[in-house]
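A.B. asks: Below, each chain spelled out in residue letters.
Number of protein chains: 2
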Amino acid sequence: MINEFYKEMLKGKSVIRTLSERAVKRGQEIGYGNVFDFSLGNPSVPVPGEFTDILKRLTENPDSMYIHGYSQSQGIPEVRKALADQLNRRFGMEYTGEHLFMTTGAAGAIAHALRAVTVKGDSVITFAPFFPEYHPYIDNAGRHLKVVPPDTVNFQIDFDAFEEALTEDVAAVLINSPNNPSGTVYSTETVRTLADIMDKAQKKYGHSIFLLSDEPYREIIFKGTDSPYVTKYYDNSISCYSYSKSLSIPGERIGYIAVNPACECADIISVMCGQISRGLGHNCPPALFQRAVAEAGEMTSDLSVYETNMNLLYDALTDLGLEIVKPGGTFYMMPKAPVPDSVEFCMKAFEEQDLVLVPTDSFGCPGYFRIAYCVDTEKAERSLEAFKRLLKG
Amino acid sequence: MINEFYKEMLKGKSVIRTLSERAVKRGQEIGYGNVFDFSLGNPSVPVPGEFTDILKRLTENPDSMYIHGYSQSQGIPEVRKALADQLNRRFGMEYTGEHLFMTTGAAGAIAHALRAVTVKGDSVITFAPFFPEYHPYIDNAGRHLKVVPPDTVNFQIDFDAFEEALTEDVAAVLINSPNNPSGTVYSTETVRTLADIMDKAQKKYGHSIFLLSDEPYREIIFKGTDSPYVTKYYDNSISCYSYSKSLSIPGERIGYIAVNPACECADIISVMCGQISRGLGHNCPPALFQRAVAEAGEMTSDLSVYETNMNLLYDALTDLGLEIVKPGGTFYMMPKAPVPDSVEFCMKAFEEQDLVLVPTDSFGCPGYFRIAYCVDTEKAERSLEAFKRLLKG
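Note that the protein sequences, when read in sequence, are chains L and X. So the numbering used here is basically just the index in the first sequence, starting at one, shifted up by 1099. So the numbering used here is basically just the index in the second sequence, starting at one, shifted up by 1099.
These aren't lab readings, by the way, just hints derived from the structure by calculation. A hint or two may mislead.
Among chain L residues calculated to face chain X with C-beta under 10 Å, some are [what the hints assert, rightly or not]:
{"no.": "1", "residue": "THR1151"}
{"no.": "2", "residue": "GLY1191"}
{"no.": "3", "residue": "MET1192"}
{"no.": "4", "residue": "VAL1216"}
{"no.": "5", "residue": "THR1217"}
{"no.": "6", "residue": "VAL1252"}
{"no.": "7", "residue": "GLU1363"}
{"no.": "8", "residue": "GLY1378"}
{"no.": "9", "residue": "ALA1395"}
{"no.": "10", "residue": "LYS1478"}
C-beta: ideal position from N, C-alpha, C; glycine also.
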């Protein structure tokens, strides 16, 4: 009895992936260096040499079961303790190891946190523009994703629309700041207002509403950007982190959940996630990488290229007349398409100029497109002529 | 809205884990060397030095995104191709890379395969004695686990009981050979008969019934044991493999699904699993270990200690009067308790002799106990006196 639901899903192929495959194919024709592929959000900077040293040193440990043995399903206790201490020093929190749950990246973090604090049939709110994978994350868990339309002025939050969406069936709100695809970082004021509205709704409906904060881009913040640590502003909050972008190791699937010590059931959510992991087949994230990120502390790859690329593209594209909300972080920006149909615009960009841009219709924000500028600066520079021909033809 | 289902699960703590925690505590009192801890199925032999060399070499690759970047959610294409080729050479199969799906160990494999070939409400049959984690794997996915009572003569299959259990609601049969906890390996005759009965039931009910073969102990086979490759005997079969035991890397979560090319929808099950992984938060298993196991080929740890320990314990314990079906593989054996209540027997063993044995009530087989002899041979030898005092004292 083949599961027709998943079979059916195969028809709905990701727009990003389709475009990226076309880009690779075009690269085989004209050389990939001549395709301005801004489609994929894969880190473009190498893993820090010091991190590679940590991996090598751990691998050389003669006690191979210490390094490669099962961890508890919640994660290796000393790793969780080390990460709690790091977060406490940095953000003034009071996490203990018991508030941490090690995960296979942010996707694993959301999969577990979502199941711990909602039940089937609950609604989960997110804000457009949003990462399209939220749909399978939430739909396949039997929860319902409610998308609040974008605030297109500055990609913060349209609070009137949020209050309208925040009905009794909502058990969680999922935010992503710094944001994929807009690059926007929610300001302290935005987070405070969000928390205030959610607090009132909790009282009104008499049940908890959890704030799940998806933070894989937390370390990619540009100069002068106000970037509050979301968890500090709302008790029932869970931070979902991944090292994919900060250490350029997206394939190694390592991240964590940090449960606000002030939240409901704070002492057992990590243990509940351990139970959830048995049903999802996770058990524990890779042990070698658990130990490695604990040792790495706040080490990151050299992330400065992303800000360099952002400034280069932002200045040039606004000069060419595009409307862009200036990103505060990530390696994305989301200009408004100069014609109403952004899909048509992106197709034209690809076919005429070998520029691979992603229309953000599937991000809940039609009429815009995403530029993933996690590329070599040299390529970003060369792309400017192609943008010029496209826009000024 | 905290999920009460998972909260409730916290009360049902695993017997194995409780015992193993007690063993560790007792070890702090009298020295862990003096506790004969046969509770946990963690490999006791080191990772092969050659495997460590592979890991170090991969880590040193200057193209860090090649090593640590995202893989496709189905797994890295060249890794899947390499594993398909290895399986074909060894078992005379005709897998292509498209029949492989890389997973986070056997748990991840079962989580995905189960969801691909069954739907909510379906029943899944397994045979006692069985790995107790099958309950959360299957229950939490909304499927129903039906346990066929054990054939206690030789721990093969009680086919009369199987035919009775194989009603129309059954969509899959989950087997584990070599078996945890009995150490039994299903014979070719057993697998043939199983396949024959399932084939007839498929025709009778007019729907497919998949055979999920959980094979983490495949490489631990003792001399003279008939150990058929299950997939060869039944078209609608999926092999679920893990490198946890063969390479002693249970914490690194790496394994795969191999879909029988002859099965229904063979060409899309791996792609379906990719879709399923989006909802479960897996995305892809650790990329470094994907490449490492592809390079490792059929390399294993030195697994001979398990057979040495098995023979030592089997001979000594049968001499002491215990009834034991001689294991054909794994690092487990499952003697019959000399008193009707095996929980009471195991408690006595722990309290009087510091022998940590696991009653197999939760494995669907009360009246027996499991010995996980993945320990140093020296310790297994020293334990014999304690067994003697327990049984003859």
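A.B. asks: Does the structure break any of the earlier hints, and which numbers would those be?
C.D. replies: 2, 3, 6, 9 and 10
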